[in-house]
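Participant: Chain order of the listed sequences is Y and D. Last residue of the first sequence: number 723 in our numbering, and the count goes up by one each step with no gaps. Last residue of the second sequence: number 52 in our numbering, and the count goes up by one each step with no gaps.
Hint data in this document are derived by calculation from the structure and do not stem from the laboratory. Fair warning: there could be bad hints in the mix.
Under the rule of at most 25 Å between Cα atoms (straight-line distance), these lysine to aspartate or glutamate pairs were calculated in the DMTMM-like manner [said to hold, decoys possible]: (1) Y:Lys331 / D:Glu45; (2) D:Lys47 / Y:Glu155; (3) Y:Lys87 / D:Glu41; (4) D:Lys47 / Y:Asp300; (5) Y:Lys683 / Y:Glu663; (6) Y:Lys494 / D:Glu45.
Predicted model only: the values in this text are computed from it and were never measured.
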Amino acid sequence: MSIQIERFEYDNKIVKQFAVATALWGAVGMLVGLIIALQLVYPILNFNLPYTTFGRLRPIHTNAVIFAFVGNGIFMGVYYSLQRLLKARMWSDKLSAIHFWGWQLIIVAAALTLAFGYTTGKEYAELEWPIDILITLIWVVFGLNMFMTIIKRRERHLYVAIWFYIATWVTVAMLHIVNSIEIPVSLFKSYSWYAGVQDALVQWWYGHNAVAFFLTTPYLGMMYYFIPKAANRPVYSYRLSIIHFWALIFLYIWAGPHHLLYTALPDWAQSLGVVFSIMLIAPSWGGMINGLLTLRGAWDRVREDVVLKFMVVAVTAYGMATFEGPMLSLKNVNAISHFTDWTIAHVHVGALGWNGFLTFGVLYWLIPRMWRTEIYSRKAANWHFWIGTLGILLYAVPMYWAGWMQSSMWKQFTPEGQLQYQILETVTAMKPFYAIRSVGGLLFLVGMFMMIWNLVKTAKTGNFLANEAAEAPALTRKVAIEGKEHWHRIIERKPIQMLVLALVVVALGGLIEMIPTFMVKSNIPTLEAVKPYTALELQGRDIYVREGCYTCHSQMVRPFRSETERYGEYSKAGEFVYDHPFQWGSKRTGPDLAREGSDKLRRMDSWHYNHMADPTSMSPGSIMPSYPWLFEDKIDYASTVPKLKAMVTLGVPYSNEYVVNGEAELKAQALLIYETLKLDEDKLLTGEEGLREDHEIIAMIAYLQRLGKDITSQPAQAAATSK
Amino acid sequence: MKFINYLTSISGVEVFPMISMLLFVAVFSYVLWSTFRESKEHINEQKNIPLN
Chain Y
1 MSIQIERFEY DNKIVKQFAV ATALWGAVGM LVGLIIALQL VYPILNFNLP YTTFGRLRPI
61 HTNAVIFAFV GNGIFMGVYY SLQRLLKARM WSDKLSAIHF WGWQLIIVAA ALTLAFGYTT
121 GKEYAELEWP IDILITLIWV VFGLNMFMTI IKRRERHLYV AIWFYIATWV TVAMLHIVNS
181 IEIPVSLFKS YSWYAGVQDA LVQWWYGHNA VAFFLTTPYL GMMYYFIPKA ANRPVYSYRL
241 SIIHFWALIF LYIWAGPHHL LYTALPDWAQ SLGVVFSIML IAPSWGGMIN GLLTLRGAWD
301 RVREDVVLKF MVVAVTAYGM ATFEGPMLSL KNVNAISHFT DWTIAHVHVG ALGWNGFLTF
361 GVLYWLIPRM WRTEIYSRKA ANWHFWIGTL GILLYAVPMY WAGWMQSSMW KQFTPEGQLQ
421 YQILETVTAM KPFYAIRSVG GLLFLVGMFM MIWNLVKTAK TGNFLANEAA EAPALTRKVA
481 IEGKEHWHRI IERKPIQMLV LALVVVALGG LIEMIPTFMV KSNIPTLEAV KPYTALELQG
541 RDIYVREGCY TCHSQMVRPF RSETERYGEY SKAGEFVYDH PFQWGSKRTG PDLAREGSDK
601 LRRMDSWHYN HMADPTSMSP GSIMPSYPWL FEDKIDYAST VPKLKAMVTL GVPYSNEYVV
661 NGEAELKAQA LLIYETLKLD EDKLLTGEEG LREDHEIIAM IAYLQRLGKD ITSQPAQAAA
721 TSK
Chain D
1 MKFINYLTSI SGVEVFPMIS MLLFVAVFSY VLWSTFRESK EHINEQKNIP LN
């Protein structure tokens, strides 16, 4: 039987589109990052505008870098390598185009809605429900196109890179759907289906695995394709890559709870997160070693080849970040690092080093190939490499330093046993580090612009090949099997089985991790003293979420002497049962707010009023932005009843009467706050409209004054339970 | 009042972390064992897919 050779063409156009998008959005996302870094040094750069404050720009930065820069980078790498590894053109050009333009639409919609304050308030999952649905649809388009291409392939076995792509697709789909279950209140407002502890667990299961299955597994797939291509030699150990794959996807899915150490999350879940995080070192380093050893005997080429330079530093950064991650998940290390800038340093070693440099390496390799030319300026590319490396160092080192210092200052007691530093002192001490970090970020961004210039010039000197001709024998249906076949060999041929197996592996982890915490719901955690928010407080909370206050303020007092001394009683799981979404936060640039309204910390309404109008008026040296629009914009009365109704659907025990009279209840409480403020009117920093009871600031004050009040205002009961 | 107190009311809650650990050990050992049984020839063929 003669083997029939088939001729076909690889689609380079879609690769080009995603390559342009990753470079463009990368520059935008990093520029926003630089702006917010500078805002922490010069709060004036918040421009007193809602759209440009830190709390709204920070989610734009993280979403742009993760989903726009890395997202487009993934698709660039997948569309290029998948076609070649399968010896087939993408199944449908139309689906490729829908995927590309749909993804760009999501990015633009994300940037706009986040700037306008439409957010779910869950980190890296901030996008509101219509965009969540769009993401799901586009993800299905991508998956369909990928799986059909796999089915129509001309290469019998699926190379390891493709397994990573499959695992990415299925896990991201699962994470996105589970974490985005929310109840819409209006077109751009929804409440998370989960509350408090459960919401936190689901969120960090998602959040951690967004790192795992969006920033890591697809890039590992790219590593397994592009490093062998760039070095022109096969991967060091294919056996290791099989073990790497299964161990990595199995372990990663369990590690989420390490983001919630010392919080009100159940102990067993915390410990589980720690154990699996520590075990993760093995497959992660297995992958790193596999990547680096692929270059064994070719290290001299690394000196010459800028592509390999970027890739080597990327894989090294991956190794460092994946060693550091497990260390940070140890409870005693986490007690120091959590809520500080150490975490920021950690993620940027990953984002700038691993994702950034691997993307750059792939771009410098791909563009000349698709344009059939050489890199326009090797010198500029080498400069980019060194400037970028220096940028990463200047970013990370000050942040590590800042993190340690911040944590030490928070925990420092005087010999008399009192806290040595006011929280404000710990904030202003960070400024020099934030400034140096900005220089690091600036250098990285300059390198990015140099690359864009270089690649545009490269493209101009070359000639783009949109459809690359190729040929391969058609895949015969029958496989000749000699003896008993190995299970993995079967899996390697069968994409659907691979998909199902990957799903089973990751879903098992998610289920076992979450079931007990969800069972707990029926087993109390409601504390008698904890009551639902009033209508006004609920509106205030939504403003708190809208302004992204959680990007700088935690609401989680950990059981450390330094924290209970500073903030009061440590946080209990039962306090958050009405929090849709939870607002524990992950970073404490400013103080924790969980006990802001408690007897211990409570301040006058007028203090909050002035503090929001101009933070430095109450806290000289504060780096918090001003919120002048809260003194102009009116509370959205009309949304009150629908919001209360949505809360009832979610299980919050508002009486029917309260819901019906929601608006009147809200106005009555607003009036009380207004009257209290009125007593100090001459001292208030009122806006042009003066003091009014319908301004958003009134709702914000109501919410802040409520925080932590329920359990701390009943000392008798607290004492009784502690006995 | 630690959260663990609530969990004790769920019968057999301690089995969950145990299941996870056993599952992992079982799957991992199997992957390890079977990968090393793979023929060298097959491994080399796979390894070279990107370069062919």
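Participant: Taking the earlier hints as the rules, which of them does this structure contradict?
Facilitator: The structure breaks hints 1 and 5; every other hint is satisfied.
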